[in-house]
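> Residues per chain, in single letters:
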Amino acid sequence: MKYEVIVVGGGHAGIEASHIAAKMGHKTLLITGNINNIGDMPCNPSIGGTAKGIIVREVDALGGLMGKIADISHFQIKMLNNSKGPAVRSLRCQADKVTYKENMQTYLAKQENLEIKEKMVEDLWVENNKVKGIILEDNTKIEAQAVILTTGTYLKANILIGSENKEGGPHGEKRSNHLSDNLKKYGFTIQRLKTGTPVRIEASSIDFSKMHEEVGDNIPWTFSFDNPPTYDINHQQKCYLIYTNPKTHKIILDNLEKSAMYGGYVTGVGPRYCPSIEDKLVRFKDKERHQLFLEPESIHYDDWYLQGFSTSMPRDIQEQMVKSLEGLEHAKITKYAYAIEYDAIDPLQIKPTLETKVIENLYTAGQINGTSGYEEAAGQGLIAGINACLKLEQKEPFILKRSDAYIGVLIDDLVTKGTKEPYRMLTSRAEFRLLLRHDNADLRLRPLAKKVGSITKEQYENYEKRVNQITECTNFLEETKLKITEEIKQIFNEKNIPCPMTTESFLNLLKRPEITISFLEELKEIPYPYDIKEEVEIQTKYKGYIEKTYKEVEKMKKLEEKEIPKDIDYQKIKNLASEARQKLEQVRPVSIGQASRISGVNPSDIAILNVYLKKEYNHE
Amino acid sequence: MDKTIACISTNNIGTSAINIVRVSGPEAIEIVSKIFSNPKFKTAPTHTIHYGFIKEEEKIIDEVLVMLMRAPKTYTLEDMVEINCHGGYQTTNKILELLLKNGAELAEPGEFTKWAFLNGRISMMEAESVADLIEAKTESQSKVALNGLTGKTTELIESLREKMSTLLANIEVNIDYPEYTDEYIVTKENITPVLTEIKNTLTEIIEESKNGLLIKNGIQIAIVGKPNVGKSSLLNALLEEEKAIVTDIEGTTRDIVEGSIIHKGIVLNFFDTAGIREAENIVEQIGVEKSKKMIEEKDMTILVVNNNEKLSEEEKKLLKEMESKEAIIFQNKIDLETKIEKINTTHPIIYGSTKTKEGIEKLKDKVIEIFGLKDMANKDLTYLSNARQISLAKLAKESIEHTIEENKKEIPIDMLAIDIQSAWENLGKMIGKYYEEELIDAIFSKFCLGK
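Residue numbers (numbering that gives the first Met the number 0), protein chains in the order written: chain V, 0 to 619; chain A, 0 to 450.
Source of the hints: derived by calculation from the structure; they are not laboratory data.
Heads up, the beta-carbon is just placed ideally off N, CA and C, and yes, glycines get one too.
If a hint is listed, it holds; no wrong ones were tucked in.
Examples of chain V residues lying across from chain A (beta carbon under 10 Å, computed): (1) L79; (2) G84; (3) P85; (4) K286; (5) R288; (6) P512; (7) Y541; (8) Y544.
Kindly generate the complete structure, drawing on both the sequences and the hints.
Here is the structure:
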């Protein structure tokens with residue numbers, strides 16, 4: 000048995016990695032412990048969200064699967080932050096956990112060049128620091144030119160509920176017992192991370208009448224740039240908002256030491272932005288209540304997911320906690336909340352291509368790299384897959400810049416700063432987020448995707464079509480003039496918008512902050528699709544801000560282009576602070592730009608590094 | 000650093016009673032011990048003072064006190080030795096020479112501070128302040144410099160940044176967790192008071208920093224007037240009164256500073272065109288042009304007029320030129336008969352005589368008063384004192400003002416955050432929290448003799 004690429008793990012990272020490798024024409028094997036769990040969503044029943052929704056769009060723009068499958072598998076979708084501005088708008092859908100998995104598995108089964116196998120991988124086949132393939136539980140070897148590890152939370156996973164600590168992955172699945180030890184043996188630094196998931200509650204036991212409804216948008220959104228919307232916007236499922244109360248708080252605080260976290264049973268580091276409910280109470284003592292969301296997991300079974308209520312309390316306390324909530328007095332818990340600890344590698348040991356520095360041709364993506372979230376995993380899986388292929392093809396690697404994509408920010412952060420807690424993408428992590436919008440993901444990335452060969456001809460044509468439509472629509476708005484009549488004045492007055500004095504083009508009017516494209520459309524029809532109009536509006540209205548951001552990118556580019564030679568010996572640079580030297584040695588940044596983002600490397604160290612480069616390499 | 004550097008770090012080697020010769024670097028202690036008579040010195044604990052003689056072979060050069068400071072608790076974070084020797088060119092230079100002979104390298108101007116910065120010992124703002132301190136001539140000047148050094152300005156800027164980061168963090172939380180409506184929501188409405196407060200503080204800092212600049216550079220004063228009204232005698236009177244520091248420092252323009260005095264802790268630099276014009280016998284017209292230029296360029300003007308003569312056309316022109324500028328009219332020769340008409344001006348008029356010295360003191364007081372620098376020597380100074388800091392503060396202020404303006408329109412909060420962030424970054428650059436490589440070069444080229 001011999002493959003070009005083997006992907007270990009069938010989660011969101013593994014799916015994208017194996018799919019793209021196969022799509023790019025390489026013989027690929029996806030190997031996983033349970034093929035029925037391929038595309039499973041073990042935690043929240045949603046895809047997208049702030050920043051994450053943009054990652055899904057980027058995955059789609061680069062030829063990935065997540066957005067495409069989410070579009071045909073959800074029962075509610077909405078645009079978050081619509082009022083806070085275009086840079087931070089982001090889609091989120093409530094994906095059906097059953098449908099998503101089914102659709103994903105069906106799609107992968109049809110994918111050419113892709114084979115899927117159910118086996119536990121326990122070791123790598125390594126020769127001269129180069130990966131040759133994988134070794135299974137039963138010591139069978141499978142040969143490959145590149146291996147991508149996307150093992151999620153399965154490495155030496157432990158499930159914790161109160162004082163109970165059991166070996167096992169999510170849903171009590173079999174964990175990988177030896178792979179992380181073997182990775183350690185090869186020279187990887189292993190860290191222990193922790194995450195958690197809340198209770199699931201049976202629908203028939205919930206009194207929804209006391210809860211606040213959360214509904215989807217009435218605009219037919221899609222994640223994918225290639226699929227038209229297929230769902231009925233009038234038949235979306237509702238989610239619900241509820242609050243904790245003093246009774247809930249008392250139960251939790253009284254039983255704090257019984258939780259796995261506070262009882263001292265957990266050794267892993269959990270994420271700050273995804274705290275358990277006991278964490279929230281301890282850290283924010285003054286808050287009278289905390290928001291919780293009830294979300295259906297699927298239309299095929301009855302479990303509802305209680306977002307915001309993850310806990311590591313014992314079962315009896317969980318019962319009391321849940322029943323203290325309004326509308327859940329008679330709740331029947333179908334799955335108890337748990338914390339999960341797992342092994343991950345130190346992402347400082349991977350390159351921006353996601354190839355490891357320790358073993359050649361070995362790539363890692365997703366939670367094994369210390370991230371959290373389906374979307375973060377998918378983004379990395381895709382990049383690891385593309386780079387594995389490019390290396391096989393002996394082509395230039397594919398590295399997204401911080402100004403190209405959230406995925407670029409994500410990977411740069413990981414390989415430059417490392418992470419001590421599961422890393423989640425936030426819009427605030429992206430300094431150029433005005434450029435990294437939901438609406439322009441295809442404009443940013445499809446040309447790059449075409450170059451590396453990760454999209455089909457048809458996908459590229461869809462991009463070209465949109466580019467043309469944007470130009471046409473802009474021209475249309477420029478040519479359409481608004482004559483100021485009494486009637487027009489009246490309309491402006493009614494809306495309390497200052498009326499222009501003379502005839503103006505629609506395009507010029509759109510530049511005014513108070514005039515939206517939907518207002519203009521009340522005056523005259525603009526015969527272009529919604530997404531095209533949105534794009535033109537953003538590009539026109541925020542031109543000044545966008546240009547300002549491009550200037551910042553230019554400034555950074557100079558530093559990014561200042562490459563640091565691969566063979567540099569940091570020990571020879573005598574004046575570096577010892578912490579900086581150690582960090583530089585560890586990260587081995589590719590450019591001065593990357594070096595300057597390493598924590599512990601100060602401006603003075605960068606100055607010294609510059610002087611050294613100038614002296615030793617005649618670097619300008 | 001791999002070399003050991005040495006230099007004389009006191010300014011007036013010739014005149015001061017004690018001079019300090021400084022050595023820094025890995026070999027500092029070794030090199031000094033080669034020329035210092037005290038045998039305990041080499042192995043002594045850090046931060047100790049040692050008595051002994053500097054010797055060249057067996058010959059005693061000077062009786063000295065030597066301070067030993069071991070890394071890392073030193074200015075440069077490296078081993079440092081300071082030799083306190085007796086004044087005089089010859090002795091001090093001899094000691095330096097001996098150090099160089101034994102392996103030290105002569106420090107470039109500002110090199111000690113450069114290494115202190117590069118080793119992470121001091122922030123950029125502190126480094127700039129050290130440069131200012133080296134140059135400081137008056138008490139007020141050294142206060143501005145010293146306050147930078149103790150981080151007082153840094154503190155002020157940091158507290159401002161703190162406010163901005165709180166605001167930014169809140170905006171980010173709202174963006175990243177849009178459904179958590181229980182959190183404090185930053186809206187277009189509630190953002191304004193915070194922004195206004197930040198803007199006001201920045202305005203204050205910038206306003207006051209003008210004083211900082213005046214204190215640091217001194218006030219540039221043009222003395223203008225037609226020939227024979229007594230400009231030169233006024234200048235002499237001004238310079239004679241105090242012990243003038245007559246210098247040949249080039250001004251910001253091609254003009255030569257005729258003389259400087261320190262009055263109430265502030266440096267007053269006087270500029271005069273008289274000499275040039277009279278010597279070259281250039282027509283009056285050129286004189287007026289030249290004077291106009293001076294009025295435009297300098298911080299203020301003193302127009303000297305003759306009490307004993309009617310105002311000429313040229314003088315009236317000059318008065319007009321000065322209308323919108325800071326100026327004082329000095330009506331000279333009041334010991335003679337008053338033939339001059341009443342001068343129509345908003346500027347203060349000081350009546351006096353360069354002959355009797357009447358009005359001279361008043362004139363100097365008036366200059367200080369105009370700039371609001373009275374009692375400045377005693378004030379707590381927290382000003383920004385160099386052009387880079389001021390321009391960064393101005394950029395930050397512009398960004399905040401832009402945000403306030405844009406916030407009045409239908410601009411969403413994520414756009415507003417861009418400007419707030421840029422203001423925050425610029426303030427960060429001011430205290431060296433942001434990095435730009437050109438900056439480092441620019442700063443370190445500024446260091447002059449001394450440290």
